[in-house]
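Visitor: One letter stands for each residue in the lines below.
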Amino acid sequence: MPQQTTIRTLHTGVLALSLATFACQQAPSRNAARLRLSPPAPSAALDVTSPPPDQPVYATLTSPPHVPPATNRTRPARVVVNLTVKEVVQPMADGAQYTFWTFGGTVPGSFIRVRQGDLVEFHLQNDASSTMPHNIDLHAVTGPGGGAPASFTAPGHASTFSFKALSSGLFVYHCATAPVPLHVANGMYGMILVEPPEGLEPVEHEYYVMEGDFYTKGKYHDRGLQAFDMQKGIEARPTYVVFNGAEGSLLGDKALQAYVGDTVRIFFGVGGPNLTSSFHVIGEIFDRVHFEGGTAFQNNVQTTMVPAGGSAIVEFKVQVPGDYPIVDHSLFRAFNQGAVGMLNVKGPEDKLVYSGKQADALAKQEAAPPKDTGAVEPLAVSTLTTEERMAAGQQLFAGNCAACHQATGSGLPGTIPPLAGSDYLVKSGKDRVLSVALNGLTGPIKVNGNGYNSVMPAWNHLSNDELANIMTYVLGSWGNSGGDVSPADVARVRQGGAI
Amino acid sequence: MKIGSLLLCYGLLACTRPELTMASAHASATSTRAAALSAAPTQPAKPTARVQAPSVYDLPVALRDDSGAVRPLEAFRGHPVLVTMFYGSCPVACPLLTSDLKRLERQIPEPMRSDVRILMVSFDSTRDTPAALAQIKQERGLDATRWTLASADDDDARGLAGVLGVKYRKLDNGAFFHSSVIVLLDREGRPQARIEGADRDVTALLTTLTAPSI
Amino acid sequence: MLRKLGRMLAVACALTSGAAAAPRRPTAPAGMSRVGPGVYEPLYAAAPAERKVSVKVFFLDRRPVTNADFLGFVRTHPAWRRDRVKRLLADDGYLAHWQSDEALGSSVRAKTPVTHVSWFAAKAYCSARGARLPEEREWELAALASEATADGSNDPRWLARILSFYAQPASSPLHEVGAGKPNFWGLHDMHGLVWEWVYDFGASLVAADSREKGDGAQNRFCGASGADAQNPADYASFMRVAFRSSLQASFTTARLGFRCAADVQVTP
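Protein chains in written order, with our numbering: chain V, 31 to 529; chain H, 94 to 307; chain Y, 4 to 271.
So here's chain V without its partners, still in its complex pose (with noise of 0.2 Å):
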């Protein structure tokens, strides 16, 4: 089942979090934390005041969770918005539907896109397959109602009504009609982004989620058309919280995708009707938020709180390929309610950022402590005798490597294979073994006649001068014949490539 693996996922998430923090080195800095209060001054550029010509412009609607393109407008235009509102019946999780109210067919709504200025024409209709009448209210109107007394519209029928963008931000749009709460309830909101005179600065992808909650007579997961349930709205205890109307909107062959190196950039809204959402992604730090929608920002966010009809824009790198989750971090609903995405990152690694699991062995205490438990001192380099090699690699091999090949040199049998005496060490000589240490190694070798088929993980974060050192401590000990391993020997294997 869907569910259980994505459970089965996150867990693995935490579990590799938690036992790669003391690996890595620092993330190369991020910009330091500001906080903008208000916007640039505007320059003759950023005209939001002209009127616009009477030519209009047919704005593009998108479905979750795609957003539609940048207007690139630089002065204010007429825009023409039209939204159908449907009745459909769609699935809520695996085996059960819910009646939605929709705009545009989809929870949430489509996404409609104006820039600050703009005079936005709206045309409402309402399906006329459509048991209720329905409105509309969106936050970026500046007027009664948000625009739902003069949107209000009957089954069959249409309403037009138009409003200037007066402000710039990511507002919810809902329905309004009486009772509020059930309209909204059944799916009934979407967003609305207008865009600041000088728009948004272009970034890899553009993503389009909003969270709900969802209260059915029946319980989680019971199959069938589930019934909307008013006391358990009226209490606020949802059977649901999900991503774009339904659990797995986001998961699967539907999980957003992005390739390392790449910005990914959310906008992010809380339809409600009740919840306030704590929106995390697994394994990222928001770069920046713009907090509520708003003209202001923070950075280097790890959990921003939405509110029920509300927003947050959220922008971050990616550096790391991996899955990363997309939840709420109120977590009984992720577990268990279904407010659960993904965004698949795809590229190569990088390991100095994230190295993924090193090592995995049981936590032995009979290995020698290491001498030194803190860093090691960094030393002069090429300039170390031998001597002086073995002593800090011998401390380098207690840190990295004894925890598999063990402190006598001797692995484990069947598993690890040895380093004390080994015939691949060798035959395979100074090049082979130290592209070895750089890049990993998997799959069979035989190690003194003795099969091995392990993983071992690639060291290319230790610098030249650290494995030269351990290099030598690993050739001249435990009765290996020795030799000499130079940072310069390191540096040209790295270069070259594995062997």
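Worth flagging that the hints you see were computed from the coordinates, not collected in a lab.
One or more of the hints may lead you astray.
Unchecked claim - Computed beta-carbon distance windows for the label pairs:
1. V:V119 / Y:G133: 54 to 62 Å
2. H:E167 / Y:R112: 39 to 47 Å
3. V:N102 / H:T296: 33 to 41 Å
4. Y:K184 / H:P153: 36 to 44 Å
What the hints assert, rightly or not - Only some residues are given here: those of chain V computed to face chain Y with a beta carbon under 7 Å:
5. A158
6. T161
7. P163
8. F182
9. A184
10. A208
11. G254
12. A257
13. M260
Claimed, not checked - Computed footprint of chain H on chain Y, listed as stretches where at least three residues anywhere in the stretch have a Cβ under 8 Å from a Cβ of chain H:
14. 83-92
15. 102-114
16. 239-253
Where is the CB? At the ideal position from N, CA and C, for every residue including glycine.
With chain V's structure known, arrange chains H and Y on it following the hints.
Guide: Just chains H and Y now, with coordinates in the frame of chain V:
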């Protein structure tokens, strides 16, 4: 006032008819059916063609005016008409409506002003007899060459309210709760502009009235 | 006007003759049940005095008007044919579900409630039968009844069933009228089949008197006491009130039908 009520009020504000904020070209008194509008949300849709609103004279309404004469609503065909609905015992809203109309009347230039008719139809035919209406006309100093006060029986009043988009409720004590609406009909009786609420800016009506297409 | 006069005369007669003999209990016209009298608490009290509204006894159709019923009416009143009706009185969705201007077609079952009819059309149909549309207060009083009692608003199971009707998807087809058990008054399908026109639908929510443009407006508009958001019973009422207030007299929709009412004439 309970928060619950406040919130529900907000939701139910939706019942009021949209106020005319754009130029009269967008006649909001009628709405178009959405049957043809099935475009997927990601496709930009063409603008909906504006259909001319049908004439209110298609509905037979018998009006008994302040002189006692009974005439059909259609008798006003041929003139632009500013029409509203009210009741005589109304304490505040209707006097405000009257003053809105008088304010508008003053601003209409000749020769249009002589051509325009102003019609106030009462939904309280029980108390707004011809004599009562005549008294109101005199008290408020309404120009008889232009103003007609009339009443219609329950059925006709409901029908007229239906085509004008006026909402009203008769209370058990004989008073009425009602929306305040002024509709401008062209010479063929087709609604061309409307404003909702009393004591409002009448400029939009004036603009449409003085447009050549009226 | 004349009708009103007639009604006043009938009542006057009844009052003067009341002392002489006990009035006969009027028989309901065919297809109608006697409803009320009763007291109804509107969701939105128009004034403090309106928090409880009394409803006189009246007759109401036991079931909504069907497609077959309405077809019969259109045949005898051709002004209400789909191809001849005035656009002022019915929008272009009028009887859109019928196969032709004078035939239902095979996809419309005769005994399902007629929909796609405007207020004017419904009113004309009822008039032609010598009846009328029910007032909102009459309809709401009739709808308040569960199967067992005149006021079902304290029966949580009945309330839950009402709410579950609104969870039905829009795509589910309409079933024939008269199915299921009748309510306390003998009425079928007051909930869960179609929305129904009432005579004064335009009274559902009225913009406040302009003097209350300010802080008072919300109070009068919404009723200081009538609305209790916590009461599940009100949710169904909210939806009906909201639906009615979205309508105009010429509107037609796929889920909006009607039934007729009649006065109870107390004859001497």
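Visitor: Broken hints, numbered, in rising order?
Guide: 1, 11 and 15
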